[in-house]
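Could you slot chain B onto chain A? The hints should help.
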Amino acid sequence: MFINFFFNLKSKGIPVSLHEWITLHHAMAMNLNDCSLTNFYHMARSILVKNEIFFDRYDIAFLDTFGGIETTDEMLDEILAGLKKVKELKLSEEEKKQIEQVNLDQVLKNFEEQMKQGHYKNHVGGNKAIGTGGRSTQGAWGYNPAGIRIGQGESRHKRAIQVAEKRTFRNYSSDITLDTRQMRVALSHLRSLLPIGYGEKLDLKKTIDQTCRNAGEIELVWENKEKKSSKVMLLMDVGGSMTPFAELVERLFSAAAGQINRFKHFYFHNCFYQDLWTDMERNQCVSTMEILKSEDHDYKVIIVGDAEMAPSELTWANGAIDYWYHNDTAGIIWMQRFKEKFKDAIWLNPLPKRSWEYVHSIRMVRDVFPMFELTLDGLDEGIKYLMTGKCELYNR
Amino acid sequence: MDYFKGTEDYVISKELRDNVNVSIALGRPLIVKGEPGTGKTLLAHAIAKGLEKKFHIWNIKSTTKAQDGLYLYDTVQRLNDARFGDHDVADIKQYIKLGKLGEAFNADEQVVLLIDEIDKADIEFPNDLLNELDEMSFYIPETKETIKAKTRPIVIITSNSEKELPDPFLRRCVFHYIEFPEQQLMEEIVHVHFPDIEKKLLREALKKFYWIREFDMLRKKPSTSELIDWLQALVIGGIPAKTIENEIPFLGTLLKKKEDIEVVEKSGKSHYAYNSSMRTRDVY
Chain A
1 MFINFFFNLK SKGIPVSLHE WITLHHAMAM NLNDCSLTNF YHMARSILVK NEIFFDRYDI
61 AFLDTFGGIE TTDEMLDEIL AGLKKVKELK LSEEEKKQIE QVNLDQVLKN FEEQMKQGHY
121 KNHVGGNKAI GTGGRSTQGA WGYNPAGIRI GQGESRHKRA IQVAEKRTFR NYSSDITLDT
181 RQMRVALSHL RSLLPIGYGE KLDLKKTIDQ TCRNAGEIEL VWENKEKKSS KVMLLMDVGG
241 SMTPFAELVE RLFSAAAGQI NRFKHFYFHN CFYQDLWTDM ERNQCVSTME ILKSEDHDYK
301 VIIVGDAEMA PSELTWANGA IDYWYHNDTA GIIWMQRFKE KFKDAIWLNP LPKRSWEYVH
361 SIRMVRDVFP MFELTLDGLD EGIKYLMTGK CELYNR
Chain B
397 MDYFKGTEDY VISKELRDNV NVSIALGRPL IVKGEPGTGK TLLAHAIAKG LEKKFHIWNI
457 KSTTKAQDGL YLYDTVQRLN DARFGDHDVA DIKQYIKLGK LGEAFNADEQ VVLLIDEIDK
517 ADIEFPNDLL NELDEMSFYI PETKETIKAK TRPIVIITSN SEKELPDPFL RRCVFHYIEF
577 PEQQLMEEIV HVHFPDIEKK LLREALKKFY WIREFDMLRK KPSTSELIDW LQALVIGGIP
637 AKTIENEIPF LGTLLKKKED IEVVEKSGKS HYAYNSSMRT RDVY
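Protein chains in written order, with the numbering used here: chain A, 1 to 396; chain B, 397 to 680.
Here chain A stands alone, though its shape is the one from the complex (with noise of 0.2 Å):
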């Protein structure tokens, strides 16, 4: 029953290795979780699980397999927090005295050997075992010094089960669409584009070159590679559909442009014709021929859009949306040639993949690039196609 755990984690999508599960059983061979449920909840996921946005998909795991499970965890906190409380106590000396020949650990280890005895159901009286009204270190109304009261308050600790079912991780899930904290963890999925830095490397030439002139007085030079950078260029689709997440988008990649260098954004208003604005505003523009013709080719082009449209808008002259705007190409040309100069770019589209199937223009559009969901998930596998060309969905 225990292996349905490793395999529940597996179904759900969570890379578990079947290193990290032995592990595991090193860790409970040395009984670090203290025969306690929720501590195994916290054990387990500190070695199983390596990503927070898994942690969600830890719980569903979790609560498959161990959901029914009785436990005796809220008893075992009841004792530690007594533990806690018998320090607090405020006790004459000879109590003192009587506490310390009672080694708290002992104690536990105690209550440890007789829970796995099963002694602790229903037990009276005695001098050993965890009941109620006897004389013994831990249980309920009875008497001694070092005791502990256990089940006469209320229990205050959550129970493991009760802690996956809270899913306190669910908004660090990946796969719904970013908010805020997500989008600090896309930014650094786009750090990966960033220069790697300075590489330092004696150059030999010049070295020997100076040591001769400095009359065999060794002269050591140095010289700086830069290895090489990547630049980004943005296009996002304001207006219209877009408008709700326009402003997510935005943040995202004002943000973004702190980071990186070189990095340039263009917006749009569903299509891109021939001028691409350089506001939110789309007052100012640029001509778009202009950028084919002197930007680098390999600039890594991220497009942001819903590419939801009039399929008019993308096919004909004079389509674009707007009725004070003629294009003498139609958008889907621009888009090839854009796709021609570029080789590394992406559309990034924050519906959800299912819809994109019923939407004519979105089919269209991913004819000529590659399209992910703007989500962690979607934003992973983006980086990765412009980085190496591959990924799941897409291959160059």
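I should point out that these hints are in silico values taken from the structure, not numbers from a laboratory. Glycine residues also receive a C-beta, built at the ideal position from the N, C-alpha and C atoms. Please note: incorrect hints may appear among the correct ones.
If you want the footprint, here are the derived chain A segments under chain B, 3+ residues with CB under 8 Å [said to hold, decoys possible]:
hint: 1; segment: 10-20
hint: 2; segment: 50-57
Derived CB-CB ranges, DEER-like [said to hold, decoys possible]:
hint: 3; chain 1: A; residue 1: S11; chain 2: B; residue 2: D563; range: 15 to 21 Å
hint: 4; chain 1: A; residue 1: S287; chain 2: B; residue 2: Y606; range: 33 to 39 Å
hint: 5; chain 1: A; residue 1: I218; chain 2: B; residue 2: Y399; range: 50 to 56 Å
hint: 6; chain 1: A; residue 1: T278; chain 2: B; residue 2: Q628; range: 41 to 47 Å
hint: 7; chain 1: B; residue 1: E578; chain 2: A; residue 2: S287; range: 39 to 45 Å
hint: 8; chain 1: B; residue 1: Q628; chain 2: A; residue 2: D367; range: 55 to 61 Å
hint: 9; chain 1: A; residue 1: K341; chain 2: B; residue 2: Q473; range: 31 to 37 Å
Relative to chain A, chain B alone:
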């Protein structure tokens, strides 16, 4: 076996404390992730203090290489010495300088090693350390020597998740994600820094602090360290608790971006939540 219980001046959640002990017991590095200002680096300090062990820090920069942590072979010094002949340059050992990781391995007793902000380095960096951290030993070909840890050091690794860490590396570690402390834990943390802060002031300040953190729009959410700074300012400025109910003095210590300050100030004027006395009024 060492059991870490926490220290007086570092408030620690039960889960984190347990995970620290799991990682010590298993002899595996503990990776700590979390928002900036949640005390990731301080954790390692606290462990060293709590267990009374020597403490080594290896600060990672974007140019740091795995080799730097193991050892450095100072060839230039050797070349220089060779010219004057006042050193025995045949003895390579004197030109081998151990790095932070090497020092920690070479120590006679168990030490605490903090590898700070591992994600700053090159993406290949963690992979280069796989074997070294697994075996806790490495080989120096120049001197044909193997440096092996007598006792496995307690290794704490912090990451701000600027870069993803490679899977094989993660497999060998224990992972903990520090959540942002809830109000109750935060009160404890503040009490460590300000043992005799006025209760009412603290409550009002925390209410405001968590209210600001709830803003989705913020570019940088205030963290614990900023809260501490702010409280310091409030205490020094002698601001009474009543004032905080209606306004937020010294907002600049909490928010570091001009846009953020504008967001909070703007919404504060019109939003009822700004006036906490109204917000907390019993509506039932």
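**Request:** Would you list, in rising numerical order, the hints stated earlier that this structure does not obey?
**Result:** Numbers 4, 7 and 9, in rising order.
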